[in-house]
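Peer 1: Given the coordinates of chain A, assemble chain B onto it according to the supplied hints.
Number of protein chains: 2
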Amino acid sequence: MTTTEILKSARAAWPALQAADTAAKDAALNAMADALLANQAEILSANAVDMASAKGRISEVMLDRLKLTEERIAGMAQGIREVAALADPVGAVIHRTERPNGLVIERTRVAMGVIAIIYESRPNVTSDAAALTIKAGSACVLRGGKEAFHSAQAIVKAMQAGLEAAGLPAALVQLVQDTTRQSASDLMTAVGLVDLLIPRGGAGLIRAVTENAKVPCIQTGTGICHVYVDAAADLDMALNIIDNAKTSRPSVCNAEEVLLVHEAVAEAFLPRLRQRLVDDRAARGLEPVELRLDEAAARIIPGTPAGEKDFDTEFLDYILAVKLVDGVDAAIAHIAAHSTGHSEAIVSRDAQALRQFERGVDSAAVYLNCSTRFTDGGEFGLGCEMGISTQKLHARGPMGLEELTSYKYVIRGDGQVR
Amino acid sequence: MTTTEILKSARAAWPALQAADTAAKDAALNAMADALLANQAEILSANAVDMASAKGRISEVMLDRLKLTEERIAGMAQGIREVAALADPVGAVIHRTERPNGLVIERTRVAMGVIAIIYESRPNVTSDAAALTIKAGSACVLRGGKEAFHSAQAIVKAMQAGLEAAGLPAALVQLVQDTTRQSASDLMTAVGLVDLLIPRGGAGLIRAVTENAKVPCIQTGTGICHVYVDAAADLDMALNIIDNAKTSRPSVCNAEEVLLVHEAVAEAFLPRLRQRLVDDRAARGLEPVELRLDEAAARIIPGTPAGEKDFDTEFLDYILAVKLVDGVDAAIAHIAAHSTGHSEAIVSRDAQALRQFERGVDSAAVYLNCSTRFTDGGEFGLGCEMGISTQKLHARGPMGLEELTSYKYVIRGDGQVR
Chain A
1 MTTTEILKSA
11 RAAWPALQAA
21 DTAAKDAALN
31 AMADALLANQ
41 AEILSANAVD
51 MASAKGRISE
61 VMLDRLKLTE
71 ERIAGMAQGI
81 REVAALADPV
91 GAVIHRTERP
101 NGLVIERTRV
111 AMGVIAIIYE
121 SRPNVTSDAA
131 ALTIKAGSAC
141 VLRGGKEAFH
151 SAQAIVKAMQ
161 AGLEAAGLPA
171 ALVQLVQDTT
181 RQSASDLMTA
191 VGLVDLLIPR
201 GGAGLIRAVT
211 ENAKVPCIQT
221 GTGICHVYVD
231 AAADLDMALN
241 IIDNAKTSRP
251 SVCNAEEVLL
261 VHEAVAEAFL
271 PRLRQRLVDD
281 RAARGLEPVE
291 LRLDEAAARI
301 IPGTPAGEKD
311 FDTEFLDYIL
321 AVKLVDGVDA
331 AIAHIAAHST
341 GHSEAIVSRD
351 AQALRQFERG
361 VDSAAVYLNC
371 STRFTDGGEF
381 GLGCEMGIST
391 QKLHARGPMG
401 LEELTSYKYV
411 IRGDGQVR
Chain B
1 MTTTEILKSA
11 RAAWPALQAA
21 DTAAKDAALN
31 AMADALLANQ
41 AEILSANAVD
51 MASAKGRISE
61 VMLDRLKLTE
71 ERIAGMAQGI
81 REVAALADPV
91 GAVIHRTERP
101 NGLVIERTRV
111 AMGVIAIIYE
121 SRPNVTSDAA
131 ALTIKAGSAC
141 VLRGGKEAFH
151 SAQAIVKAMQ
161 AGLEAAGLPA
171 ALVQLVQDTT
181 RQSASDLMTA
191 VGLVDLLIPR
201 GGAGLIRAVT
211 ENAKVPCIQT
221 GTGICHVYVD
231 AAADLDMALN
241 IIDNAKTSRP
251 SVCNAEEVLL
261 VHEAVAEAFL
271 PRLRQRLVDD
281 RAARGLEPVE
291 LRLDEAAARI
301 IPGTPAGEKD
311 FDTEFLDYIL
321 AVKLVDGVDA
331 AIAHIAAHST
341 GHSEAIVSRD
351 AQALRQFERG
361 VDSAAVYLNC
371 STRFTDGGEF
381 GLGCEMGIST
391 QKLHARGPMG
401 LEELTSYKYV
411 IRGDGQVR
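Sequence lines, in order, name chains A and B. Reading the first sequence from the start, the letters are residues 1 to 418 in our numbering. Reading the second sequence from the start, the letters are residues 1 to 418 in our numbering.
A portion of the hints provided could be inaccurate.
Only pairs whose alpha carbons sit at most 27 Å apart, straight line, appear in this in silico DSSO-like list of lysine-lysine [unchecked claim]: (1) Lys67/B with Lys146/B; (2) Lys214/B with Lys8/B; (3) Lys309/A with Lys8/B; (4) Lys408/A with Lys408/B; (5) Lys214/A with Lys408/B; (6) Lys55/A with Lys146/A; (7) Lys214/A with Lys309/B; (8) Lys214/A with Lys8/B; (9) Lys8/B with Lys408/B; (10) Lys157/B with Lys67/B; (11) Lys55/B with Lys157/B; (12) Lys67/B with Lys55/B; (13) Lys146/B with Lys157/B; (14) Lys214/B with Lys8/A; (15) Lys146/A with Lys214/A; (16) Lys55/B with Lys214/A; (17) Lys408/A with Lys8/A; (18) Lys55/A with Lys67/A; (19) Lys146/A with Lys157/A; (20) Lys157/A with Lys55/A; (21) Lys408/A with Lys214/B; (22) Lys214/B with Lys146/B; (23) Lys146/B with Lys8/B; (24) Lys8/A with Lys309/B; (25) Lys146/A with Lys67/A; (26) Lys214/B with Lys309/B; (27) Lys214/B with Lys309/A; (28) Lys67/A with Lys157/A.
The calculated label-pair distances, taken between Cβ atoms and stated as ranges, are [said to hold, decoys possible]: (29) Leu235/A with Arg181/B: 33 to 43 Å; (30) Gln182/A with Glu60/B: 49 to 59 Å; (31) Leu235/A with Ile94/B: 27 to 37 Å; (32) Asp280/B with Gly192/A: 32 to 42 Å; (33) Ala85/B with Ala268/A: 31 to 41 Å; (34) Ala74/A with Arg181/B: 52 to 62 Å.
To be clear, the hints were calculated from the coordinates, so they are not data collected in a lab. Cβ atoms here follow ideal geometry from the backbone N, Cα and C, with glycine treated the same way.
With the rest of the complex left out, here is chain A (with noise of 0.2 Å):
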């Protein structure tokens, strides 16, 4: 099936599972974990043949996140049998209110429809995905990368024969049949047949999906985010903070990228700070992380000198872009400068510089004495997460449930007219 034939078999499905209640979809999802385990062979063998054709052609530790096993398909279909454990966003009463003419006015929570997500290579995402939005009522039209192609055919087509087996359409969950630029493109201009497009991936897919789609999009993803010492700062809680936003997992989108520090405070802090992230951890044998020094913090400690690029890039990796600042005014208006709108954090025991950089950091999430790495569906306690948005127009930061349905107006009357 083309692309567009496979949308269009999805929004046939829909209504489907639009008229199907909280325990039926819910049987779903755990027919569907069952039918994971079922096909367990048949999923591992086209695993095989994706790893077989990616070896030498990805890292190790890319070919590691594509390598599944028993032990990673079990805990495939734990995860979606924690999805159907999870409340049913949809059929809430958001709000209601009666009016002076007698009409009954409520804005009730409803399912988006098509949702359509673009991913790149851990099948898992495969499983995920596709339970989170069945139990926001919505069809799933997924389009991974050609690494996983394999698996993630195997994978939907177990996911199929589960929601057959609880009596809703296999369309309901379909995998786009190639791995092209083209087929991302035609999911990006499908109007009228995708209500929300969600792409998670990296800058270049995000950048396509700005430059191209057509359709409803959040945005997920990149984060260059910020910590800020203030001249108020808690010395001990900075680096702690610090080294675990920085070092805890590098190459997650809520990790430190970039820390500013108060000029008042950055003679006492750099060579604590140096200490921590380079020496101490080479002396545990850790890679110790590389520092992007701007002029002013160059003076203090040694380290790379920054380049301009630096403070625009998402390392995602163990090298840190540092930078003197004046004070909160100019940590705001640097992050503003340089920030991708995902996650800051501000250490300071000054509630006068806390709440000025409450108020004037302009991201999804901002954070008070505590580490950027917080910012997870799980951590904010969403119970899941379909990615971080870091778009400002319908959902902010993580995205569970709630963020992937709509509302609707029923409005009750009595032969009222206007």
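Peer 2: Below, chain B without anything else, positioned relative to chain A:
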């Protein structure tokens, strides 16, 4: 200034508005209203220029919409004061959670940043849109139609004087200095400078936005609204609702364009419909409604045979397309295939049919036994309205102040790391 320069200066001015509290914003709005009155003479003479050059080029109805009077300017000022009196949507904590690790996570309503609005002729939209945007905490960049350019310029100049009198930057409300397609296109593609673009206009403008916009948009407006008369309808109520939905103001987006009638009641209902909308109106000296009938309806009453496009046209006129269907499912399917997702009504006494229609119709507003004409911010109790969204992302139906805002997460900690 070029459109890009205007957008950059609006963004540069925004922090001053962000820092303003509710009282400061309301004072600025009231100063804007005062300034409209104080600059009445300039506004009227600018409007006279527009009227002179429009005369003979646009219809009398459009000329009347363009014309300003002392009374209309007073109405615009009053409109701004009413917006000032509404509750401030910014700063409200929408959701608060305390996590087991002690983090307090607040989801807080915040301003968008820079909102751009593309609109057509009526000069009062200039002040309405600016007032709503300022109240919602965002800078406002307006791009009006060429017919009202001088009027809009004078109105914006007055509002800027009001902003400055209240101590806020004039750049918070600006008018794009040309009315060519290029300036609209510049707004649609100003990635990073426009946080939200709202096109207010006809189908052509909406198409151009869908085709070209690279910034986040909310589509407003076009309404192919349906009324479905069920087999179990109270036929007197149905006549009243249809008469109201079609004839009370045919030029607006919430007017009915298509009537679906259950075939079981068609023989009884259609002759009464014709009597009410055609004969009675003619007898009262009112313009009769032209009925465009599908084949089955044409076998029961006389009327114009419906062409293929008649079920996909926003007539905005005394024209009603009429089609017979064999039940609620067929009505829902027809609406799914032909509606613009604005407003649809069912007339029925059958609870099962009402429930089915309510769930199955995927439009912004679903009416049970009342007129589609209620889709309006004022009628819904929102106090105001920036337009009617027909998309599912972010805002659906009438957009009040809350729909012009975003949110962010503020996370308070005491050194927590992950």
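Peer 1: Would you mind marking each hint as holding or not holding in the structure?
Peer 2: Hints versus structure:
1. Lys67/B with Lys146/B: holds (14 Å)
2. Lys214/B with Lys8/B: holds (17 Å)
3. Lys309/A with Lys8/B: holds (22 Å)
4. Lys408/A with Lys408/B: Holds - the C-alpha atoms of lysine 408/B and lysine 408/A are around 23 Å apart, at most 27 Å.
5. Lys214/A with Lys408/B: holds (26 Å)
6. Lys55/A with Lys146/A: holds (13 Å)
7. Lys214/A with Lys309/B: holds (25 Å)
8. Lys214/A with Lys8/B: holds (25 Å)
9. Lys8/B with Lys408/B: holds (23 Å)
10. Lys157/B with Lys67/B: holds (18 Å)
11. Lys55/B with Lys157/B: holds (25 Å)
12. Lys67/B with Lys55/B: holds (11 Å)
13. Lys146/B with Lys157/B: holds (17 Å)
14. Lys214/B with Lys8/A: Holds, at about 25 Å.
15. Lys146/A with Lys214/A: Holds, at roughly 24 Å.
16. Lys55/B with Lys214/A: Answer violated: lysine 55/B to lysine 214/A is near 38 Å, above 27 Å.
17. Lys408/A with Lys8/A: holds (23 Å)
18. Lys55/A with Lys67/A: The hint holds at about 11 Å.
19. Lys146/A with Lys157/A: holds (17 Å)
20. Lys157/A with Lys55/A: Holds: lysine 157/A and lysine 55/A sit about 25 Å apart, inside 27 Å.
21. Lys408/A with Lys214/B: This hinted pair holds, its Cα atoms lying about 26 Å apart.
22. Lys214/B with Lys146/B: Judged against 27 Å, a Cα distance of about 24 Å means the pair holds.
23. Lys146/B with Lys8/B: This hinted pair holds, its Cα atoms lying about 23 Å apart.
24. Lys8/A with Lys309/B: Measuring from Cα to Cα gives roughly 22 Å; hence the hint holds.
25. Lys146/A with Lys67/A: This hinted pair holds, its Cα atoms lying about 14 Å apart.
26. Lys214/B with Lys309/B: violated (31 Å)
27. Lys214/B with Lys309/A: With Cα atoms ~25 Å apart, lysine 214/B and lysine 309/A stay inside 27 Å; holds.
28. Lys67/A with Lys157/A: It holds: about 18 Å lies between the C-alpha atoms, which stays within 27 Å.
29. Leu235/A with Arg181/B: 33 to 43 Å: With a Cβ separation near 56 Å, leucine 235/A and arginine 181/B fall outside 33 to 43 Å, so the hint is violated.
30. Gln182/A with Glu60/B: 49 to 59 Å: Taking Cβ atoms as reference, glutamine 182/A and glutamate 60/B lie about 51 Å apart, which means the hint holds.
31. Leu235/A with Ile94/B: 27 to 37 Å: Hint holds: Cβ distance 34 Å, inside 27 to 37 Å.
32. Asp280/B with Gly192/A: 32 to 42 Å: holds (39 Å)
33. Ala85/B with Ala268/A: 31 to 41 Å: Given range 31 to 41 Å: violated, Cβ gap about 51 Å.
34. Ala74/A with Arg181/B: 52 to 62 Å: holds (57 Å)
Going down the numbered hints, you'll see the structure goes against 16, 26, 29, 33, while the others check out.
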